[in-house]
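Following the hints, put chain H in place on chain A, whose structure we already have.
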Amino acid sequence: MDQPAIATESLTRRFGEFIAVQDVNLRVEAGQFFGFLGPNGAGKSTTIKMLTGLLAPTSGSIRILDFDLNERPIEVKRQIGVVPEDMALFGRLTGSEYLNFVGRMYGLDRETASRRTAELLDFMQLADNPKKLVMDYSHGMQKKIAMAAAVIHGPKVLFLDEPFEGVDAVASGTLKAMLQRMISHGATIFLTSHVLEIVERLCSHVAIIHKGRLVAQGSLEELRAGVQAQAAPANDNGDNLSSAQKLTLEEIFLRIVGGSQSAQEELSWLG
Amino acid sequence: MDRLSALAAMRWQMFRHSIETVRGRLELLSRILVGLLFTLLAVGGAIGYGAAAWYFVSRGHTQYLAFLLWPILLFWQIFPIMASAFSESPDSSYLLRFPLSYQSYFLVRIFYGLLDPASFVGGFWLIGMTLGVGVAAPVLLPGAAVVLFVFGMFNVLFTQMIFIWVEKWLVQRRTREIIGVLFFLLFMSIQFIGPLANHYGHGARIAVAQIATRLSTSQQFFPPGASANAIAGMQSLEWHSSLASFLLLSGYAAIVFWLLSIRFRAQYRGENLSETGGHEKSKTTKQAPRAGWSVLGAPGPIAATFEKEIRYLARSGPLLFSLAVPLIMLVFFRVQGTGNHAGFFARSPSLVFPIGAAYALLLLTNLSYNTFGGDTGGGVQFFFAAPVRLRDVLIAKNLAHTFVFAVDVLVIWLGVWLLYQRPVIYVTLLTLAAALFVLPVDFVAGNVFSIYSPKKANPGKFRQQRAAQVTVLASFALRALLLGLVALVVWLCREYGNPWLAGLILLLLAGCAFAGYAALLGRTEKLALERREVLIAELGRK
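These protein sequence lines map, in sequence, to chains A and H.
Numbering of the first sequence is given in my numbering, commencing with residue 1 and proceeding in unit increments.
Numbering of the second sequence is given in my numbering, commencing with residue 1 and proceeding in unit increments.
Chain A on its own, in the form it takes in the complex (with noise of 0.2 angstroms):
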């Protein structure tokens, strides 16, 4: 049996008395499109800074690529890619020589590193403006350029934490394209997002993350199967979930980590 591309046992991160991520067993195949969810402050961030090394975990173990993340941490972050939450990007520099830099820090050499930056200005349509800081870039600009920062040392697995958060159609229908090249090729993509239909569009494998334990995981069938597997007692009650209703990613989403609060009982002054 093949290697899985991400796995973690056991994955465990403490804030002093605060357990944010807690004996999580994660096992992402090679290829696989990844989506990992969980509502506001479940413990979504943490888990991918821990799997892109920002952030140690206090116990539990991470493979990337069959490399120890601990032991071999230059060898797994040659491997990926990340887009994290706030993008690491340095705002004082261009687009290009941003991308330059960090071809470079990736090991790149200097030609192939301007190559591939010229490449990637061109297709993320942001090669018009090539003096314009980084920081001067519009949020969606950004998210396209450290997309691009993310990939250009052809990554075999890439992280990316909310990567179509306020990106614009266009660009978001560009960034899909490329992902989708990605798996084509045979990456790996490991991907946070609170947009379900996102998603359920791209991920063929999810897990869910509720208050720093795994409560989920599998394909999108497996998980509606298991969701409908569940509400079978209840439709005894009346709860009227027929099996052959096809529950979206957003229905299972709910079921499992809890529905959501009526906000109309409350801030009645918000008229």
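I should point out that these hints are in silico values taken from the structure, not numbers from a laboratory.
Careful: at least some of the hints might be erroneous.
[Claimed, not checked] No more than 20 angstroms apart at the CA atoms, straight line, and that leaves these computed lysine to aspartate or glutamate pairs for EDC-like:
| id | chain 1 | residue 1 | chain 2 | residue 2 |
| --- | --- | --- | --- | --- |
| 1 | A | K156 | A | E75 |
| 2 | H | K456 | H | E27 |
| 3 | H | K526 | A | D68 |
| 4 | A | K156 | A | E29 |
| 5 | H | K456 | H | E167 |
| 6 | H | K461 | H | E538 |
| 7 | H | K456 | A | E85 |
| 8 | H | K526 | A | E75 |
| 9 | A | K246 | A | E197 |
| 10 | A | K176 | A | E200 |
| 11 | H | K461 | A | D136 |
| 12 | A | K156 | A | D109 |
| 13 | A | K131 | A | E119 |
| 14 | H | K526 | H | E538 |
| 15 | A | K156 | A | D66 |
| 16 | H | K526 | A | E71 |
| 17 | H | K456 | H | E538 |
| 18 | H | K456 | A | D86 |
| 19 | A | K176 | A | E119 |
| 20 | A | K211 | A | D23 |
| 21 | H | K461 | H | E271 |
| 22 | A | K176 | A | E85 |
| 23 | H | K168 | A | D136 |
| 24 | H | K456 | A | D136 |
[As the list claims (entries may be wrong)] Here are the computed distance ranges between Cβ atoms for each label pair:
| id | chain 1 | residue 1 | chain 2 | residue 2 | range |
| --- | --- | --- | --- | --- | --- |
| 25 | H | I310 | A | S61 | 38 to 46 angstroms |
| 26 | A | G258 | H | Q103 | 46 to 54 angstroms |
| 27 | H | I310 | A | E165 | 31 to 39 angstroms |
| 28 | H | V534 | A | G218 | 30 to 38 angstroms |
| 29 | A | Q180 | H | I32 | 55 to 63 angstroms |
| 30 | A | E29 | H | W169 | 55 to 63 angstroms |
| 31 | H | A477 | A | R201 | 58 to 66 angstroms |
| 32 | A | K246 | H | S294 | 55 to 63 angstroms |
| 33 | H | V22 | A | E165 | 34 to 42 angstroms |
| 34 | A | S61 | H | D2 | 49 to 57 angstroms |
| 35 | H | A537 | A | E165 | 15 to 23 angstroms |
| 36 | A | Q180 | H | I310 | 38 to 46 angstroms |
| 37 | A | V195 | H | V534 | 25 to 33 angstroms |
| 38 | H | E271 | A | R213 | 44 to 52 angstroms |
As the structure is a prediction and not an experimental result, all values here were calculated from the model.
Ideal placement from N, C-alpha and C gives every residue a C-beta, glycine not left out.
Just chain H now, with coordinates in the frame of chain A:
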């Protein structure tokens, strides 16, 4: 008023949260220590100024108060530039999100200006002077208090006005270059004063003295002279003259207020200054990206980080400006006096270059002791996410700081040559040997402090570049120790009649320092990895 008190409450809560950690408490302790030092300077100066003011007024030389007010004005304006490691102004852009009226915004900004050490010390000195005048002639107290209050407000507004306008001019390359050329021309012209005076001897001194007399007469049309005249007019009951001088002073304050409010209003409206501002934004020309720099055969990550650091520096007007401060100081001390009234530098020109180099080292504090401070906006995360060893990043940053220091020292050397005399070879070589010893030790400490107490800095803003106060104090203590050791070595070798031996000893010390630097890089890297969360959280904070 409710909004202002809400802001005060917010800052109080932020302060309370900031002292919940050991680092925060250390920072507070350092601030208290620095505060005590400034209080000592403020109170001591106030007593001195009070006594001097009492003396002038009681002897009927009230117009001589101008001699006291000029140094106060110069201190108020120059100290924030000279001691940028102690000057800080909170970022006020966050205020714009609140429904704050322009008047409230203006008041908050002025209040931030009052928090500056120069305002605190200068204000105290003015209070001392007011009391001195009051004791000498109680009848003058109310009038002197009003005049000196307006003079104080003029200074508060003036220093903010200078910074805010220079900041605007330095943000874009074109205006930055114009300022650079103007500064160069000024620098080149001032260098002729001393040599001319020395070359043409006594006759020239008389001419200089005549110019000085004329300047002395014309100084009454400037704020310090106008303030002194306003008070003197009250004493001699020349009300018209007094009122005219006071109106002149108020006019200066009003002009500065107006100029300042132009910039404040622009910022209040959400102005966003940037390198690519103005017409350049509309340019849409595609250019093939240039390949990155190659730095003396250094590995890619080191060369790339070095390039990034230099590009950051080149785009940071205030940082560039702070590097020019040693030159400004050289000019300032050069024009201070000639002949019998010559200052220390003019009397001991051989010491100007080493002192200038030491000062350049001090000005490096905000860069080298808060080396990740400018990597805000998530930038610092990149160094931990990328497949590079952090030691390479630190080496690159230290190389960039060495480069900056070397350029600054070269400029100082040329400045000393032009303004004083060519630094003697022996002193130059000894200074360079001392730098080779001091820099590696300084970088080790700087790297550790950068990791232990990082502080978010904005390279594009004056007074938002300061390292943590505890870091600044520690760096000054270390430099005092290192430079003291250098001075001791040089002095001992001279005493024992073998001055060149000092160079050899300093080179040996430099060798040890380099070995120590190399040996400690690994440990520093480990420390950085252990504290990466603090670094990322502190520098990534919105």
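Hint check results:
no.: 1; hint: A:K156 with A:E75; verdict: holds, 12 angstroms
no.: 2; hint: H:K456 with H:E27; verdict: holds, 14 angstroms
no.: 3; hint: H:K526 with A:D68; verdict: holds, 18 angstroms
no.: 4; hint: A:K156 with A:E29; verdict: holds, 12 angstroms
no.: 5; hint: H:K456 with H:E167; verdict: holds, 18 angstroms
no.: 6; hint: H:K461 with H:E538; verdict: holds, 19 angstroms
no.: 7; hint: H:K456 with A:E85; verdict: holds, 18 angstroms
no.: 8; hint: H:K526 with A:E75; verdict: holds, 17 angstroms
no.: 9; hint: A:K246 with A:E197; verdict: holds, 14 angstroms
no.: 10; hint: A:K176 with A:E200; verdict: holds, 13 angstroms
no.: 11; hint: H:K461 with A:D136; verdict: holds, 16 angstroms
no.: 12; hint: A:K156 with A:D109; verdict: holds, 19 angstroms
no.: 13; hint: A:K131 with A:E119; verdict: holds, 17 angstroms
no.: 14; hint: H:K526 with H:E538; verdict: holds, 18 angstroms
no.: 15; hint: A:K156 with A:D66; verdict: holds, 12 angstroms
no.: 16; hint: H:K526 with A:E71; verdict: holds, 13 angstroms
no.: 17; hint: H:K456 with H:E538; verdict: holds, 7 angstroms
no.: 18; hint: H:K456 with A:D86; verdict: holds, 15 angstroms
no.: 19; hint: A:K176 with A:E119; verdict: holds, 17 angstroms
no.: 20; hint: A:K211 with A:D23; verdict: holds, 12 angstroms
no.: 21; hint: H:K461 with H:E271; verdict: holds, 14 angstroms
no.: 22; hint: A:K176 with A:E85; verdict: holds, 18 angstroms
no.: 23; hint: H:K168 with A:D136; verdict: holds, 16 angstroms
no.: 24; hint: H:K456 with A:D136; verdict: holds, 19 angstroms
no.: 25; hint: H:I310 with A:S61: 38 to 46 angstroms; verdict: holds, 40 angstroms
no.: 26; hint: A:G258 with H:Q103: 46 to 54 angstroms; verdict: holds, 49 angstroms
no.: 27; hint: H:I310 with A:E165: 31 to 39 angstroms; verdict: holds, 33 angstroms
no.: 28; hint: H:V534 with A:G218: 30 to 38 angstroms; verdict: holds, 37 angstroms
no.: 29; hint: A:Q180 with H:I32: 55 to 63 angstroms; verdict: holds, 59 angstroms
no.: 30; hint: A:E29 with H:W169: 55 to 63 angstroms; verdict: holds, 57 angstroms
no.: 31; hint: H:A477 with A:R201: 58 to 66 angstroms; verdict: holds, 60 angstroms
no.: 32; hint: A:K246 with H:S294: 55 to 63 angstroms; verdict: holds, 58 angstroms
no.: 33; hint: H:V22 with A:E165: 34 to 42 angstroms; verdict: holds, 35 angstroms
no.: 34; hint: A:S61 with H:D2: 49 to 57 angstroms; verdict: holds, 54 angstroms
no.: 35; hint: H:A537 with A:E165: 15 to 23 angstroms; verdict: holds, 20 angstroms
no.: 36; hint: A:Q180 with H:I310: 38 to 46 angstroms; verdict: holds, 39 angstroms
no.: 37; hint: A:V195 with H:V534: 25 to 33 angstroms; verdict: holds, 32 angstroms
no.: 38; hint: H:E271 with A:R213: 44 to 52 angstroms; verdict: holds, 48 angstroms
Against the hints set out earlier in the document, no violation occurs for any number.
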